[in-house]
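Engineer: This is what each chain is made of:
Protein chains: 2
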Amino acid sequence: MKKKTDFLDVAVQPDGRVPKLTGLNFRIPPAEGGSIEGRLFRRMLKEMDGPPLHFVLLWSGEEIPPLNIPPVARVTIRDRVTLLKLIINPDLHFGNAYGVGDIEVEGDLVQCLEAIYRGVARMSGNAYTKRLSRRLNKKRPNTAAQARDNIHHHYDIGNEFYKLWLDERMVYTCAYFSTPSVTLEEAQTAKMDHVCRKLWLKPGETVVEAGCGWGSLALHMARHYGVKVKAFNISHQQVLYARERAKAEGLDSKVEYVEDDYRNISGQFDALVSVGMLEHVGKEHYQELGDVIHRCLKPSGRGLIHSIGRSKACPMNAWVEKRIFPGAYPPTLREMMDVFEPWEFAVLDVENLRLHYAKTLEHWLARFERVSERVAEMYDRRFVREWRLYLAGSQAAFTVGDLQLFQVLFSGPANNAIPWTRAHLYQGQGE
Amino acid sequence: MKKKTDFLDVAVQPDGRVPKLTGLNFRIPPAEGGSIEGRLFRRMLKEMDGPPLHFVLLWSGEEIPPLNIPPVARVTIRDRVTLLKLIINPDLHFGNAYGVGDIEVEGDLVQCLEAIYRGVARMSGNAYTKRLSRRLNKKRPNTAAQARDNIHHHYDIGNEFYKLWLDERMVYTCAYFSTPSVTLEEAQTAKMDHVCRKLWLKPGETVVEAGCGWGSLALHMARHYGVKVKAFNISHQQVLYARERAKAEGLDSKVEYVEDDYRNISGQFDALVSVGMLEHVGKEHYQELGDVIHRCLKPSGRGLIHSIGRSKACPMNAWVEKRIFPGAYPPTLREMMDVFEPWEFAVLDVENLRLHYAKTLEHWLARFERVSERVAEMYDRRFVREWRLYLAGSQAAFTVGDLQLFQVLFSGPANNAIPWTRAHLYQGQGE
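Sequences listed follow chains A and B, in order.
Under numbering that gives the first Met the number 0, think of the first position of the first sequence as 0, with each following residue one higher.
Under numbering that gives the first Met the number 0, think of the first position of the second sequence as 0, with each following residue one higher.
Don't read these hints as lab results, they were simulated from the structure.
One or more hints might be untrue.
Treat identical chains as interchangeable: a pair holds within one or across any two.
[Unchecked claim] Once the Cα atoms are required to be at most 25 Å apart in a straight line, the calculated SDA-like pairs of lysine to any residue come out as:
| # | residue 1 | residue 2 |
| --- | --- | --- |
| 1 | LYS201 | SER252 |
| 2 | LYS201 | ARG421 |
| 3 | LYS297 | PRO51 |
| 4 | LYS246 | LEU163 |
| 5 | LYS297 | SER252 |
| 6 | LYS311 | ASP269 |
| 7 | LYS311 | GLN267 |
| 8 | LYS311 | ASN414 |
| 9 | LYS311 | SER299 |
| 10 | LYS282 | CYS313 |
| 11 | LYS282 | PRO412 |
Between the sequences and the hints, there should be enough to build the whole structure, so can you do that?
Structural biologist: Spelled out as structure tokens, the structure:
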């Protein structure tokens, strides 16, 4: 029903524009497959192995139901230009058009996007894939200055916005669900413990955090593991918020938040942790990150990098990269090795938490929907639609396996003071 | 004391040659650093940051003690030619010379080799490293025919030989020690269970094994996890032995041993397992292996590859490759991705069991020493010395971090029927 309301939103204009009602005369679909663009579109759908979606071309009234399977959603495309753009670059234009209401989805948005992603995956070897691989080689500098702009774009939207739908401690990375039914709060706590246990933290040790969000992990480590933390972040809003929390919780002598780039980390630490930053580093800077880690980690030190990744190299979805996360890139494990190999860091443990991120996003999306009216008041309806699409699209991408979530634990080449097994991660959880 | 006896073996001639006693007049070391080759050797030791070894040049009586640290071993080099060869290519000639008794080690052989490996690691950027990287690009075809010869060289030495010092089930791969103190037998059983749990085996499922050794894992899976196994191996001796065991244990209807190359695997299976084969595949064949896995794994299938690896690309020790394991190559995780990426297999879990292999080799070496007289009777003293060096050198390489042991669990890109966490691996072991 909710999605039905969304559809009606188009009529009442999400962004104040007058809806284009040209051709809104629901005709019987033509027997010979309809218009030229309709035929092109059907060919594209055929290449996608026929996703379970029912398309409606609003200007002509043409209806394109799925073949032999029930649809999971009804997708209305408002005008000819939108359809043509979609055929030319679905990766970018689906999001653009959805944002402004030129595409409407009735039914389950997540399932709709899963169907599209699965379909696109089947189109390998065609023009789309070739274009993607060209884009793959596009240089994204992510210099310190550009990185600051990119991070500002997303993370400085406003703490008030994120407070509306994140968990109470504002953890904006993949949670860890011991079972799918635990709450988001429990799962975020479990994730922090999982990370701390992997890092084998001992009281009195020092930890440096690269990219600390609103500071929750640093506080958790200091409070529950007795370590001192120096946490770096280039998001001004996040650092201000984190410092206030540390003070309020009496942990400001244990946790120092530094508003600076990871490249400027100095000092030597027992552990390094970076949860959800590597996506923003850019692969041409991985070796530089490795140099920083080598410089700041003691010979007995352990490090953990938690990052969205891929099973095969492919750029971030063009629309997400443009509208949501400029400069972002989810690496493959192969690409991540640029961080570790030059200094012969030994990879000790890689865990793929893909399904955990799908579940985290399911929670975020549900919470977001509950406050969407409030968000629309703070920003506008387009903002709501774009964030809905981003959250739903991310959930879909993790669900179908387009995105992975890797936690990589590593240590220096000659560190033999590492845990003998991983059993300590599961103490009390084994039965 | 054992090692002392080894040293005396030189005098009584390990290979029947008359020992060269030229210069066996223990002179006071010359004040100015001695002979030219002695000075060259001292420079090499300096580049190695001065390993804790006491060298004796037997022909001149020159003694080269370590600087400011007590030695872990006394290394006697018999003649000038041996020393010069050692300076030119220590990687190859240490083993050659040790095998025939031209180098003798008194003290702990494993610690001696650890010191050498650590020293060589510090020589990065010099001529040795450059030569290594040239060798790295050397092509090793490992065609089906060549692979058969290579495998025959090592695994067909004779089942009787391996029976003397492996555990009772003849498991010739890294064991899994829940604690360092468990027995080798317990650790090999634990390893098989660890692998089966990772693969999430369910009764009635089918498993294909690529490279099955003497067949113990296949039997273990069939007996304890209720699966049917088709196990491939190109070692004739191993396959004969494995078939006999399956029959004797009444499991021949559950486990089929096929004497054939992994490239000829056919059929579709719920799981694929390969423990200790990838080292023999050769990195130019990884994609081919990936194609085989893609062909034979069901969409819901899981796979596990267990292999010796590296943190940085580097060829197998030249002597080991020549005398022990022709065609072998331990890959980096980056290189292993050639198996997975082309078909977008999702890496679910990587565990590094480096210290477990060091411990396994410690057991093997101790067992081998207990039967070394028997082995000398079956083969000769050179064979004993080479195998001692190979086992000790491998233990040292895992201990110092020159070698890693990766267990990589993976699945098809869209498989969501994977375990939610890894807690099931540690049931009953968490406390």
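Engineer: Next step is simple, just say for each hint if it's right about the structure.
Structural biologist: Outcome of the hint check:
Taking the shortest alpha-carbon separations for LYS201 and SER252, only the intra-copy value of 18 Å comes in at or below 25 Å, while the best inter-copy value is 52 Å. When the C-alpha separation of LYS201 and ARG421 is checked against a cutoff of 25 Å, the pair qualifies both within a copy, at 16 Å, and between copies, at 23 Å. Taking identical chains as interchangeable, the C-alpha atoms of LYS297 and PRO51 lie at most 25 Å apart only when they sit on different chains, with a minimum of 23 Å there against 54 Å within one chain. When the C-alpha separation of LYS246 and LEU163 is checked against a cutoff of 25 Å, the pair qualifies only within one copy, where the shortest distance is 22 Å, while the shortest distance between copies is 66 Å.
Proximity of LYS297 to SER252 under the C-alpha cut-off of 25 Å is restricted to the intra-copy arrangement: shortest distance 22 Å within a copy versus 55 Å between copies. When the C-alpha separation of LYS311 and ASP269 is checked against a cutoff of 25 Å, the pair qualifies only between copies, where the shortest distance is 23 Å, while the shortest distance within a copy is 33 Å. Taking the shortest Cα distances, LYS311 and GLN267 sit within 25 Å of each other only across copies (24 Å), while inside one copy they are farther apart (35 Å). In this assembly of identical chains, LYS311 and ASN414 lie within 25 Å of each other by CA distance solely across copies; the values are 16 Å between and 31 Å within a copy.
Proximity of LYS311 to SER299 under the C-alpha cut-off of 25 Å is restricted to the inter-copy arrangement: shortest distance 19 Å between copies versus 33 Å within a copy. Taking CA atoms no more than 25 Å apart as the test, LYS282 paired with CYS313 passes in both settings, with 12 Å inside one copy and 23 Å between copies. Taking CA atoms no more than 25 Å apart as the test, LYS282 paired with PRO412 passes in both settings, with 23 Å inside one copy and 23 Å between copies.
Every hint from the earlier list agrees with this structure, and none is contradicted.
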